[in-house]
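Peer 1: Fit chain B to the supplied structure of chain A, relying on the hints for placement.
Top line first, the protein sequences correspond to chains A and B.
Counting along the first sequence from 1, when you hit position 153 you're at 512 in the numbering used here, and nothing is skipped either side.
Counting along the second sequence from 1, when you hit position 271 you're at 630 in the numbering used here, and nothing is skipped either side.
None of these hints come from the bench; they were simulated from the model.
Treat each hint with caution, since some may be false.
Treat identical chains as interchangeable: a pair holds within one or across any two.
For lysine-lysine, the following DSS-like pairs were computed, each having C-alpha atoms within a straight-line distance of at most 25 Å [stated by the list, open to error]:
| hint | residue 1 | residue 2 |
| --- | --- | --- |
| 1 | K642 | K502 |
| 2 | K540 | K582 |
| 3 | K558 | K642 |
| 4 | K582 | K558 |
| 5 | K582 | K642 |
| 6 | K584 | K642 |
| 7 | K540 | K502 |
| 8 | K540 | K584 |
2 protein chains.
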Amino acid sequence: MLQLIECVPNFSEGRNQGTIQRLVQAIREVPGVQVLDVHTDGDHHRSVITFAGEPPACGEAAFRSAQVAQALIDLNQHQGVHPRMGAVDVIPFVPLEGVTMADGAALARQLGERIGRELNIPVFLYEAAATRPERIDLAQVRKGQFEGLRELIGTDPAHVPDFGPNCIHPTAGAVAIGARKPLIACNVTLGTANVEVAKHIARAVRHSSGGLRYCRALGLEIKSKGVVQVSMNLTDFRHTPLHRALALIEHEAQRYGVPVLGTQIVGLVPQAALWDAAAHYLKLEQFSMDQVLENRLRYLIRGPQ
Amino acid sequence: MLQLIECVPNFSEGRNQGTIQRLVQAIREVPGVQVLDVHTDGDHHRSVITFAGEPPACGEAAFRSAQVAQALIDLNQHQGVHPRMGAVDVIPFVPLEGVTMADGAALARQLGERIGRELNIPVFLYEAAATRPERIDLAQVRKGQFEGLRELIGTDPAHVPDFGPNCIHPTAGAVAIGARKPLIACNVTLGTANVEVAKHIARAVRHSSGGLRYCRALGLEIKSKGVVQVSMNLTDFRHTPLHRALALIEHEAQRYGVPVLGTQIVGLVPQAALWDAAAHYLKLEQFSMDQVLENRLRYLIRGPQ
Numbered sequence: 360m361l362q363l364i365e366c367v368p369n370f371s372e373g374r375n376q377g378t379i380q381r382l383v384q385a386i387r388e389v390p391g392v393q394v395l396d397v398h399t400d401g402d403h404h405r406s407v408i409t410f411a412g413e414p415p416a417c418g419e420a421a422f423r424s425a426q427v428a429q430a431l432i433d434l435n436q437h438q439g440v441h442p443r444m445g446a447v448d449v450i451p452f453v454p455l456e457g458v459t460m461a462d463g464a465a466l467a468r469q470l471g472e473r474i475g476r477e478l479n480i481p482v483f484l485y486e487a488a489a490t491r492p493e494r495i496d497l498a499q500v501r502k503g504q505f506e507g508l509r510e511l512i513g514t515d516p517a518h519v520p521d522f523g524p525n526c527i528h529p530t531a532g533a534v535a536i537g538a539r540k541p542l543i544a545c546n547v548t549l550g551t552a553n554v555e556v557a558k559h560i561a562r563a564v565r566h567s568s569g570g571l572r573y574c575r576a577l578g579l580e581i582k583s584k585g586v587v588q589v590s591m592n593l594t595d596f597r598h599t600p601l602h603r604a605l606a607l608i609e610h611e612a613q614r615y616g617v618p619v620l621g622t623q624i625v626g627l628v629p630q631a632a633l634w635d636a637a638a639h640y641l642k643l644e645q646f647s648m649d650q651v652l653e654n655r656l657r658y659l660i661r662g663p664q
Numbered sequence: 360m361l362q363l364i365e366c367v368p369n370f371s372e373g374r375n376q377g378t379i380q381r382l383v384q385a386i387r388e389v390p391g392v393q394v395l396d397v398h399t400d401g402d403h404h405r406s407v408i409t410f411a412g413e414p415p416a417c418g419e420a421a422f423r424s425a426q427v428a429q430a431l432i433d434l435n436q437h438q439g440v441h442p443r444m445g446a447v448d449v450i451p452f453v454p455l456e457g458v459t460m461a462d463g464a465a466l467a468r469q470l471g472e473r474i475g476r477e478l479n480i481p482v483f484l485y486e487a488a489a490t491r492p493e494r495i496d497l498a499q500v501r502k503g504q505f506e507g508l509r510e511l512i513g514t515d516p517a518h519v520p521d522f523g524p525n526c527i528h529p530t531a532g533a534v535a536i537g538a539r540k541p542l543i544a545c546n547v548t549l550g551t552a553n554v555e556v557a558k559h560i561a562r563a564v565r566h567s568s569g570g571l572r573y574c575r576a577l578g579l580e581i582k583s584k585g586v587v588q589v590s591m592n593l594t595d596f597r598h599t600p601l602h603r604a605l606a607l608i609e610h611e612a613q614r615y616g617v618p619v620l621g622t623q624i625v626g627l628v629p630q631a632a633l634w635d636a637a638a639h640y641l642k643l644e645q646f647s648m649d650q651v652l653e654n655r656l657r658y659l660i661r662g663p664q
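If we strip away everything but chain A, and leave its shape as in the complex, we get (with noise of 0.2 Å):
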């Protein structure tokens, strides 16, 4: 039976081509992985590698990459609008096909325990990994950032390591590392240059301040192009669709009179996700994903899955 599993690491480098071509291209090595998607954003200075294949090709991939990203990126010399704690920053683990999200946990608490002790990273576990409640949510392992966390790190009782060493690494930080259900990463550009109105928005609509249940959410400055940003992440997009958040977001920034320009997906997107989004604004009624002709001509061309 096959056994698919998706990792979606995040590094601290959206500028520099070669570091971002060396990053996938360790990922490429490992045989059974395939890059299936690499979103790079100069503003957030930041690049999300998407890959798949088995759970143990994905294991020895991503840890392939984050000896890339400790031998090349330097936090003490990042400034992104995204917030970070590591060089490589964080490791989800997303099972698709025949893997349990207990085996996915498994996969990060062993790749935890390889780049704690190869890479002398301090390694956190999160979300379906997580060893304490106050690590499930990846905001609150991050807060302070790199520059917070290298004081925290050793001295506060709260921010001991699951695995590496009990100090900040001093150029590559420090790494969260998680198994997850499919998350949707959206950006949505709103037309002004007051970042104030994507934090109210952000605030406005984010689970952690009393919005959408799995919503996450931040207000982020896009300097270069004169704009701001609500960066957000639904962790349940069955549960918080797409276009609840954005009619939230929407309605939120007409009260400012702030249009919405666009939004962006980064990196890959559930076509669930999109279907329930045309059946709403379409006011599909009854409708099924039987209706879709790929589905059904897929069954024809291969009989049940």
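Peer 2: Same frame as chain A, now just chain B:
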């Protein structure tokens, strides 16, 4: 190389489940043919069966279903809100893979010749199989419906069939057979019992009276539900997308203070049409089909196609 064609015959029976089952069964009995969808509407008194397979098998299945329709459906007893001229009213072939439009038109001609000869039904070729410009458009071919065409076929030189007898079949009427691109059939339900509103909106949105280029539309009364519908075909959804047709319908409906209650896909819809709609409403920038997770996975599992 795989040759795959779709066939979407429309039958003038939307109430008698026994007859509908016999029609479906006649198609299923042909080896190599797969029934993808059966859509039945009691108000339209019409059923749409979607099936696919290799061209010869689909031609055979279409013939057998026409044979059952000729035997079981009597147009003299038929009253529904959808225009119709035959027991099997229209048989379109839609090339899917490894089949050209010319192949589809050739299959339509072969089937037309056989239905004319063996079932004694006059056949009009339409769209890509049409033998005259004025027969390209299905609405033109069907004009007058069963009752009107009974008088015209055999007397009017413009109504000489392409195949079969030069007179209508007394119970099974006439049939249009053709080849075309994938089409989206969609019913938009309006919150009013006044069919004039639906007719006005249909005229505004359809190509024939000045509306969108790849849109056909009719205003229909759904007495059983106390509402009306704009019943719409989009014959090229890349150039006349669903969201634009719906926006125009909502715009016109507003003028009457009438709400759009919902929409309904008849049969199947290509996934790209839903993605286009999602991308439009969600204001997705630089979005490509490659960002859909399942598309990347398919590539991963099966390799480049």
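Peer 1: Compare the structure with each hint and give your call.
Peer 2: The hints, checked one at a time:
{"no.": "1", "hint": "K642 / K502", "verdict": "neither (41 Å within a copy, 31 Å between copies)"}
{"no.": "2", "hint": "K540 / K582", "verdict": "neither (32 Å within a copy, 46 Å between copies)"}
{"no.": "3", "hint": "K558 / K642", "verdict": "between (31 Å within a copy, 20 Å between copies)"}
{"no.": "4", "hint": "K582 / K558", "verdict": "within (15 Å within a copy, 51 Å between copies)"}
{"no.": "5", "hint": "K582 / K642", "verdict": "between (38 Å within a copy, 21 Å between copies)"}
{"no.": "6", "hint": "K584 / K642", "verdict": "between (35 Å within a copy, 18 Å between copies)"}
{"no.": "7", "hint": "K540 / K502", "verdict": "within (22 Å within a copy, 54 Å between copies)"}
{"no.": "8", "hint": "K540 / K584", "verdict": "neither (32 Å within a copy, 42 Å between copies)"}
Checked against the numbered hints above, the structure violates hints 1, 2 and 8; every other hint is satisfied.
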